[in-house]
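Colleague: Taken in order, these protein sequences are the chains called U and G. Count along the first sequence from 1, then add 24; that gives the number in our numbering. Count along the second sequence from 1, then add 24; that gives the number in our numbering.
Check the hints yourself; a few may be wrong.
Computed footprint of chain U on chain G; a stretch qualifies when at least three of its residues, placed anywhere within it, have a C-beta under 8 Å from a C-beta of chain U [claimed, not checked]: (1) 133-145; (2) 166-180; (3) 187-199; (4) 205-212; (5) 215-225.
Computed from the model, here is a short list of chain G residues facing chain U with C-beta under 8 Å [claimed, not checked]: (6) L104; (7) L148; (8) H149; (9) Y152; (10) F184; (11) Y357.
If you're looking for bench data, these hints aren't it; they were derived computationally from the structure. Owing to the predicted nature of the structure, the values given are computational and were not obtained by experimental measurement. Note that CB positions come from ideal geometry on N, CA and C, so glycine has one too.
There are 2 protein chains.
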Amino acid sequence: MKVLVTGIDGYSGWPLALHLLARGHEVVGIDNFATRRRVAEVGSWSATPIPSFARRQLAVKEVLGKEIAFYRGDLADYDLVEKVLATERPDAIVHLGEQRSAPYSMIDVRHAVMTQVQNVTSTLHLLYAMRDKAPDAHLVKMGTMGEYGTPRVPIPEGFFEVEYRGGTDTLPFPRQAGSWYHWSKVFDSGDVMFASKIWNLRATDVMQGVIYGIRTPEMTDRRLFTRFDFDETWGTVLNRFIVQAILGLPLSVYGQGGQTRGFLALEDSIQSLRIAVEHPASAGEYRVFNQFDAAYSVNHLAEATAGIARELGYSPTIAHMPNPRVEQERHGYEPIHEHLYTLGYRRTRTLDEVIREIFQTLRRYRRRLEAKRHVVQPTVDWRRPDNRGSLGARAPTPPTPPPSGAT
Amino acid sequence: MKVLVTGIDGYSGWPLALHLLARGHEVVGIDNFATRRRVAEVGSWSATPIPSFARRQLAVKEVLGKEIAFYRGDLADYDLVEKVLATERPDAIVHLGEQRSAPYSMIDVRHAVMTQVQNVTSTLHLLYAMRDKAPDAHLVKMGTMGEYGTPRVPIPEGFFEVEYRGGTDTLPFPRQAGSWYHWSKVFDSGDVMFASKIWNLRATDVMQGVIYGIRTPEMTDRRLFTRFDFDETWGTVLNRFIVQAILGLPLSVYGQGGQTRGFLALEDSIQSLRIAVEHPASAGEYRVFNQFDAAYSVNHLAEATAGIARELGYSPTIAHMPNPRVEQERHGYEPIHEHLYTLGYRRTRTLDEVIREIFQTLRRYRRRLEAKRHVVQPTVDWRRPDNRGSLGARAPTPPTPPPSGAT
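I would like the entire structure built from these sequences, with the hints used as guidance.
Modeller: Spelled out as structure tokens, the structure:
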């Protein structure tokens, strides 16, 4: 199949492209290199050095003997999006070309607006271009488990049967996102659902857990490595923990550390996207996959990291600090994730195994981590106007009742 | 109280301002005159001639003896929004300053993106400016009953108790909007709910039905009239029916005409916004009001209009035409609307009475209607790429299954 990967230069986009090529698919990519610029904006960089895209293309040619067709450009440019779809006529479009950092979206009003505007625009542009230039293409849209928040009921895959005041219906599961970024993904889900309905498009919305990992089997050469972010804005909690352990910084747990989310390994995330691509939705079908392997609390991740760090000769410490996010710190978490299994998905990597692999891979990049030691610890406080540098002092004021109806 | 009305130059904003002034409140307004420009863009105008805003201000002074402070500007300009809130420190902000036409949002990709981007941006800007400059102000946000779609269960006021797979929780009611515009309102609701939670803001989200009417008691002088749109893009279905009857055009019912929505009179819509303003939400409270008086089907509106038109000496005909929208044409509709009643809201106008008043008021503007006869009949087809002028031909293809989970 011919697959267009938007955001091909990113953390997931790059290994997805390699994997699709290895499976014999044809890959076309588009990227505006926004993540490279934005990570630089917060003063950080990827632990793994990332060659220019032209060098990445060369490495793919040398190592895998394959070509990637690439468009440098922005999904905000509708004429470009339409041209790419008209020219390439892809069978599938995996849309990863969005601003993906929740903390980045919370920095200030400009970042909030930028995140929601750019993400919604990119998806609307793809939907219109599909309608007009590639109506049979299958859109695989990267969503996030974070769209659902942490309700007190199990989380279905997108839709659920509702009984209410004597009626029954199958409805979209309510969304309760926890950052402007997560809301932007909720908005995208609404737009994709609506477009597939009115224009008979094929769409799979992948509500993805947090991805961990640094390597996939196709990365047989350092030039094929994907990026690995570890700063407070772009790095996930596990990435930060591992880098903190390496740098001798305390592993910074927000609040009580009972916050629980779904996680999955990079290799398995790529596997599931590939499975979605190879099993397209029907015309007019909007389907939702919840995509993660296990739910872990922040405390569990800190302890797993600390345990492995000790084995490897580090002396990790764990520090609980005021939570800059507005979230429950103790809650149940029961998302359902069955659809991908029925299509043949099987977990291949365990958390401990991947944590070891990350420690091992980062060993050779220690100097790149040392150079950015100052951007690892959290400073963005989601509750406060004067965002920067407020967390050292004391806990922000807590009165944040859950949303409720008028009373 | 001091009330900032965004979109004060619009259909609802203007009569709200007059009513608040008459009740003794202080009114500050902001508008970028986008509706004036956009109605001109589709080749139409308001049936009632609308003076410049400066003349409106003068008329208010002469007739009511009151002043309106006015900022001409765009809510997309964050510095302006912040400056207005810092300078005026309003007790309440009634946010009506958004692109409000569903058909306009469906014209093409540019209008879709513009609608979602501008609406989301304006609300985010107000929320941030409130956080930093007016944290005790109460935001009354104009939403729409259209956010909910037409589910097969009763529609609660924003939140409902869910029992699912052994758990129970109070969750936001799922949204299934039917146009890019309606989705933009869903997005705003998410952002307002989240902001009130993390920043402890006061917010009332008003899910409003379709408003009908042309006059309110404060419009004792023609210069105080509000706009009345009747073209296919900016006019509501009732407005179009009345103008079609006057012009001797067939009343154009989309499809079977069983589409049912909540409606309320302009005067009662203003009453309910004023009640929301005078009974602010608590700090951190996000409350939702469903705001309409009665649910009518399109057929009911056509027959009510035709009946009154005949009384008045017109010879109306009703024509069923292919539905350009993607919507169910027969369905139940049971929204709950109790919160406003508990705050003292009472319906004051009936549908028939208001239809008569509109016919009567439009009599003196017949030449303005005649001049725009060509923009009354529908041409925007929501399903088709080549939007314009396609409806004369034949019905668009129907395969639009309701969204469903993966199977």
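Colleague: Indicate, hint by hint, whether the structure satisfies it.
Modeller: A quick look at each hint next to the structure:
1. 133-145: holds (count 8)
2. 166-180: With 5 residues in contact (Cβ-Cβ under 8 Å with chain U), the coverage given for the segment 166-180 of chain G holds.
3. 187-199: holds (count 13)
4. 205-212: holds (count 3)
5. 215-225: Satisfied; 8 residues make the cut.
6. L104: 13 Å, violated
7. L148: 5 Å, holds
8. H149: Since chain U brings a Cβ to about 7 Å from G/H149, closer than 8 Å, the hint holds.
9. Y152: 4 Å, holds
10. F184: 6 Å, holds
11. Y357: The hint is violated - G/Y357 has no Cβ within 8 Å of chain U, the shortest such distance being about 11 Å.
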